[in-house]
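Going line by line, the protein sequences match chains A and B. For reference, each letter of the first sequence is one residue, going 1 to 248 in our numbering. For reference, each letter of the second sequence is one residue, going 1 to 489 in our numbering.
Source of the hints: derived by calculation from the structure; they are not laboratory data. A couple of the hints might just be wrong.
Partial pick of chain B residues on the chain A-facing surface, computed with a CB cut under 7 Å [to be verified]:
#  : residue
1  : LYS74
2  : VAL183
3  : TYR187
4  : ALA285
5  : LYS288
6  : GLN438
7  : TYR441
8  : GLY446
9  : SER448
10 : PHE460
11 : GLN466
12 : MET470
Which bits of chain A does chain B cover? Going by a derived footprint, with three or more residues having C-beta under 8 Å, they are [stated by the list, open to error]:
#  : stretch
13 : 47 to 56
14 : 66 to 73
15 : 100 to 107
Glycine included, each C-beta is placed from N, C-alpha and C at the ideal position.
Here are the chains, one letter per residue:
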Amino acid sequence: MLDIQNLQVCVADKPIIKGLSLQVPAGEVHAIMGPNGAGKSTLSYTLAGRNGYEVSGGSATLNGEDLLALDASARAARGVFLSFQYPLEIPGVPALTFVRTAMNAQRKARGEPEISAPDFLKRARAVAASLKMDMNMLKRGLNVGFSGGEKKRMEIFQMAMLEPRLLILDETDSGLDIDALKIVSEGVNALRAPDRAMLVITHYQRLLDYIRPDRVHVLAAGRIVASGGPELAQQLEREGYEKYETAA
Amino acid sequence: MADIDTIQTVEALAGDKYVHGFVTDIEQEFAAKGLNTDVIRFISAKKNEPDWMLQWRLDAYERWLVMDEPDWAKVSYPRIDYQDLYYYAAPKQKDGPKSLDEVDPELLDTYKKLGIPLREQEVLAGVQGAPRYAVDAVFDSVSVVTTFKAELAKVGVIFCPLSEAVRDYPDLVRQYLGSVVPVSDNYFACLNSAVFSEGSFVYVPPGVRCPMELSTYFRINALNTGQFERTLIIADKGSYVSYLEGCTAPMRDENQLHAAVVELIVLDDAEIKYSTVQNWYPGDADGKGGIYNFVTKRADCRGDRSKVSWTQVETGSAITWKYPSCVLRGADSMGEFYSIAITNGRQQADTGTKMIHLGAGSTSRIIAKGISAGRSSSTYRGLVSVHPKARGARNFTQCDSLLIGKTCAAHTVPYIEARNASAQLEHEATTTRLSEDQLFYVMQRGLSQEEAVQLLVNGFVKDVLQELPMEFAVEAQKLVAVSLEGSVG
Ligand SMILES: Nc1ncnc2c1ncn2[C@@H]1O[C@H](COP(=O)(O)OP(=O)(O)OP(=O)(O)O)[C@@H](O)[C@H]1O
Ligand SMILES: [Mg+2]
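Just chain B, same shape as in the assembly:
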């Protein structure tokens, strides 16, 4: 069955550019439109939050009110009217689902269409050829279901929606929430702190290697609704976890706001591998519709010899504003950033990373590949900062841009601050245009133009794609191809 599904999915990919653009027709409950303390109280109440959490939100809201929206990124968009949005939308259901059988079939169908495995039995039995990974499925502002919780609990790994963690593991949440991205870090993070709806919480206890890939799948469905994802991952001493985030949304003529905050905490000798396959609706060829993706992602490598690796494949969104960063506090800690950012049509992406070297011997590695086609614009913005105490810090940065056609643009904005003379920083950057010569060479060997572009692009992004977990690499490769369909000729 699944094989047929898979084939159909692939066929659909070949025909239509954005295949996840359907709307799920389901009765939903909304908060009142606009943003004020009542709405925040409503969200908090919906999630049965303790009072400290509500106060935290209200405090964030107070601070947000006096902040200004940043304008330094190389993106332009009409002013967002924050009072014209819904801040909470959830499928109507009784008090949170207990088991899969109680979940609305319409929702289950949605995830089936998206190819997200929610049935543990089928996954375990290898039915559907489903890859074996645990999923937290977030639909607008709530989590629909989280799989393999029990199995993970056996080794002490906590994997659940953040709202559940706030209730069930308040000590952990209070200790770490906002400790990496402070409430008023930036405009969008502050907004998120006030109204965050759902995301995942992961805690991996000391010495535990998480036995399976964890993933959260974000789906925006409701009209005029912002999604405020918040994710918190803690890898305790000597532990390891690999986590993947996926996202899609319906095709709508209206722009939709996604303002997320992701915080990672890595203690001594622990490692987090965080991958993103971002496939939000990019808008149509004329730039109508699409997601505004304003995201703050940061990892705090608190422990000695701790390691974080961010891998991202950014193909969607009308606007991407995102800089997954690493604070390399621990001695000999290590941060990596591997990125593929693809823009086509009228998409705009301003993305990159920050590597803040505080610990002695900390190292970082940045490989960023930008591909622009159509009338799109793509900017790599990166900061490598070495503080006085970071003796022997090292960074290697490589930024490559590939331009397809003559109407797109690529920019590279590297900032480097070295305040320790022993630091070794290397930076390489290239910009190339997909050449007619190469295309002809490949087509002369028998590939169609579309296949030739795919082959050349795959070669260009290979170094990054191979950083993705196996389960997702193939999917990502297909996505890269689909995103660039029709970009030549």
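Looking at chain A on its own, in the form it has when it is part of the complex:
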């Protein structure tokens, strides 16, 4: 499904991703862990198509299609969704309006009809309920004045509404309290499907107790330096990244 080969990315002329290869087959959840500044967010921005993230080598394909040739909105229409480490505030645009506009833009790009207002609202209600979110929150300006944890939950709300194929979660757990972590993880788990792939970026083993990964990768200094099963995360929790930093 997601296939990254020898990817090299520069930000502001500085090489950050330095030959990264990674495959996430459909139906699988892969976790990425790694020290601060290793390039985890850079990888997710690059996959999502952010300007200024210059790919100087390698490839990234989703179901065989070259992602790197598409702009951000076209990638979204193909099913790429990034849950941001730092979600943005959009004043004056209620979350419901925002998601509906996004959904219809994606549908239009795929040649599908728009969703009707009642259908949309029905789904929004159901998703909000499953994430234990108050509908009033969805009627305020998106993320404006929201707490860090509320913003993260709003990201998962959007993700569940838009039903993407490739789900990239950049530190979704940071800022969430214990109960919220549980609710959000359940929301993410509910999205597991044979035709979906997930990349879960996190610093903490705890999240992986809830979202059980098929594989765990260590990203250090712009490369994947180790890969393994869920036990790798436990080992990192005990030992830290020291040995990888010297290795990289």
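With chain A held as given, fit chain B with the ligands onto it using these hints.
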């Protein structure tokens, strides 16, 4: 039929930036070029004015001759040669139209293209999905037709071209004309007083709630011709009226002058809601052509508990110089100003409001949103003045500027004079640049860059857009989007 028209209009909006830029090919009659007493007499005669009106004009002209053009606004333009303009242009026709059937089909076609509903029957029958509002259609210096006059007359509302009111309701006009904006108030208002051509007159009798939206649609067509709109609206005790002004012009390489005066009089417990969707031709990307829009708009809240609300969406014009104001004379009177000013290309806008608090307990509220893109410049200039007798006056001002790109500029110039210690004045101002981060966030969810800008801008102006009457809010939202097309990337 109309649905197809509407779709085509929307499609046209998406493709071309300024869609109202066509010229109507019609035979027109002009006054001699230049400005002198003969030209003023000509205009007055064309309108069959009584002698007092002519004298009023001539007096204004005398005063204008010794005035200087103001230079304090943050706009720059080459000197206007006032002798190189026409001050009157009108489609050739016999003595003013009596019914729609007598109006030149070319003109009817023009309004059809502009989407202005002139046929009452169709409007009433809901044909064309036309919104139900009355229109006074002004073409250069004359009114082509005014709809729903008879229906409005049934409840005592007078809605007609000002030139008609001068003849038919001289007492009302003499009592109120120039009573809010005195003849020599400022250079452009004084010029307007001498040569004003057409605008609308509205009188709403005591206790009457005007049963429909009223609107005047101004179209500049003729080359090298100034348009001098003059509008006078009186809301008598306990009455209410909502009025909208729309404007467009052809794309021409020459600059054109529009110098308007609008006077509103609001008596006890009455309310006027005045909205403007200003879409004059802004000139091309290099700043060639476009309308010079020098406008004096003022409301006099004479009565106790009277209320005026100005809402403006300013997207057009090469230069906008405009400060819709409220003189809050009555006790507990209330003034509001909601504004969206968008500049792109090389447009320059210097706009804002004045809230003059004279009455005890008077309140005012200002929400101004400026959006600048391209190489344009936008200035908010506002005055809140509280006089000694205005005990307990209150004002809230919020001015937000949004910058798109790195070559535009925004300025905020608030003046505050409080001469009563009990006044409560609040002022908030923000300037933000449309951020790459926000754009990426929105595009990551599936919106194209153009759609992302639109969404962010709509969020920014929402507080003001929702003040517009329903009939016009959608139109205004589209206009906002079109005005900013291609401003990013
Ligand atoms: N615009 C930029 N200009 C210069 N350097 C940048 C820029 N953006 C990111 N970097 C650098 O790229 C490196 C990787 O940053 P990135 O945000 O991808 O790290 P991360 O692995 O997500 O870290 P964290 O765990 O703290 O979120 C860092 O050294 C960072 O300083
Ligand atoms: Mg990061």
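Earlier hints that do not hold, by number = 1, 2, 3, 4, 5, 11, 12
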